[in-house]
Amino acid sequence: MAVRKLYGSRDSLPTMRALASLFEHELEFEFIPVDHHAGDKPTSLSLSLSPFGELPVFQEEDLIIFESRTIMRYISHEYGKRGKEQVYEEPKLQGIAAAWIDVEDHQFDPPASKLIQELVFKPRKGLAADEAVVEEEEGKLEKVLDVYEERLGKSLFLGGYKFTSADLTHFPALYFLMKTPVKRLFEERPRVRAWYRGVMTRPGWEKMVEIVEVEKVPVY
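If you read the sequence shown in my numbering, its first letter stands for residue 4, the second for the next number, and so on.
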């Protein structure tokens, strides 16, 4: 059996994405945490594995992958279980799912990440949120969620008729946003509401949360 290792900070969004994918596919792996709250930095090994010194880094024997969405894509293609695959065999359907992964990356994540910075990270450091930034980014996120609402009227999940990485890639941001007033933007859209509530019952979500909240680690 291949020895898999994931280097990362348990409460960073990219690491959370990789963790969720590993858990969804029921893979055995060793998680090597890098606790940046204690001032730790990536080990010399992890720095040698990632050309930019960024986490997470996934290692499987002689295979080394960095960038969380790339790790997620690799896992879903390599380890899909019969009947539970999170990819499509049909190229056209997989192309659609891949497009919605990119939508999360380029359309959803930018405003979501800025809102998390203002409404979660800054308050935990004793700083006030910039209300002008919050208002602007909420407006951007609303436009994205309007597109999601329309999309989910045509398919059960963002990537098509089944759960795929196009849905899983949202896990980290949803974890944080559901703890803020931004949650109302999801609740106001019935299809989006049903979608996010559904994905939050996935086993990968539950195990990801267990890792993130171990020992009540503060989230920054």
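Incorrect hints may appear among the rest.
Unchecked claim - Within a straight-line C-alpha distance of at most 25 Å, the following computed DSS-like cross-link-like pairs (lysine-lysine) qualify:
(1) K84 x K95
(2) K186 x K210
(3) K186 x K117
(4) K84 x K210
(5) K186 x K87
(6) K117 x K157
(7) K95 x K165
(8) K182 x K87
(9) K143 x K157
(10) K143 x K84
(11) K8 x K128
(12) K84 x K125
(13) K117 x K8
(14) K146 x K186
(15) K128 x K117
(16) K87 x K157
(17) K143 x K87
(18) K117 x K95
(19) K87 x K117
(20) K182 x K157
(21) K128 x K146
(22) K157 x K125
(23) K157 x K128
(24) K182 x K146
(25) K128 x K165
(26) K146 x K157
(27) K128 x K95
(28) K165 x K117
(29) K186 x K8
(30) K125 x K165
Keep in mind that the hints were calculated from the coordinates and are not lab data.
Outcome of the hint check:
Straight-line distance between C-alpha atoms of K84 and K95 comes to about 20 Å, which keeps the hinted pair within the 25 Å bound. A C-alpha spacing of about 22 Å is found between K186 and K210, which places the hinted pair at or below 25 Å, so the restraint holds. In summary, the hint linking K186 to K117 is supported, as the alpha carbons are separated by about 15 Å, within the 25 Å threshold. For the hint pairing K84 with K210, the CA-to-CA distance comes to about 19 Å; that is within 25 Å, so the pair holds.
Proximity of K186 to K87 is assessed by CA-CA distance (about 29 Å); at most 25 Å being required, the pair is judged violated. The hinted pair formed by K117 and K157 fails the criterion: a straight-line CA distance of about 29 Å is larger than 25 Å. For the hint linking K95 to K165, the alpha-carbon distance of about 15 Å falls within 25 Å, and the restraint holds. A threshold of 25 Å between alpha carbons decides the hint, and for K182 with K87 the separation of about 30 Å lies outside it, so the pair is violated.
Using a Cα cut-off of 25 Å, the hinted pair K143 and K157 holds, with the two alpha carbons roughly 22 Å apart. Note on K143 and K84: the hinted pairing is violated, with a Cα-Cα distance of about 37 Å set against a maximum of 25 Å. With a C-alpha separation of about 31 Å, the suggested pairing of K8 with K128 is violated against the 25 Å cut-off. Proposed proximity of K84 and K125 is contradicted: the alpha carbons are some 41 Å apart, above 25 Å.
Taking the CA atoms of K117 and K8, the gap is about 30 Å. The hint is violated against a cut of 25 Å. For the proposed pair K146 and K186, the alpha carbon gap of about 15 Å is at most 25 Å, so the pair holds. Pair hint K128 plus K117 holds up; C-alpha atoms about 15 Å apart against a cutoff of 25 Å. Note on K87 and K157: the hinted pairing holds, with a Cα-Cα distance of about 21 Å set against a maximum of 25 Å.
At most 25 Å may separate the alpha-carbon atoms for a hinted pair to count; K143 and K87 exceed this at roughly 34 Å. The straight-line distance between the Cα atoms of K117 and K95 is roughly 33 Å, outside the 25 Å bound, and the hint therefore fails. A C-alpha spacing of about 34 Å is found between K87 and K117, which places the hinted pair above 25 Å, so the restraint is violated. A hinted pair counts as satisfied when its Cα atoms are at most 25 Å apart, and K182 with K157 does not qualify at roughly 28 Å.
About 29 Å separates the Cα atoms of K128 and K146, which puts this hinted pair outside 25 Å; it is violated. Distance restraint check for K157 and K125: the Cα-Cα separation of roughly 38 Å exceeds the 25 Å cut-off, and the hinted pair is therefore not satisfied. Between K157 and K128 the CA atoms are separated by roughly 42 Å; this puts the pair beyond 25 Å, and the hint is violated. For the proposed pair K182 and K146, the alpha carbon gap of about 20 Å is at most 25 Å, so the pair holds.
Only pairs whose Cα atoms come within 25 Å are accepted, and K128 paired with K165 is rejected, the gap being roughly 39 Å. A threshold of 25 Å between alpha carbons decides the hint, and for K146 with K157 the separation of about 18 Å falls inside it, so the pair holds. Our distance criterion of 25 Å between C-alpha atoms is broken by K128 and K95, whose separation comes to about 46 Å. Of the supplied pair hints, the one linking K165 and K117 is violated, its CA atoms being roughly 29 Å apart against a limit of 25 Å.
The hinted pair formed by K186 and K8 fails the criterion: a straight-line CA distance of about 34 Å is larger than 25 Å. Restraint check: the Cα-Cα separation between K125 and K165 comes to about 36 Å, which exceeds 25 Å; the hinted pair is violated.
Going down the numbered hints, you'll see the structure goes against 5, 6, 8, 10, 11, 12, 13, 17, 18, 19, 20, 21, 22, 23, 25, 27, 28, 29 and 30, while the others check out.
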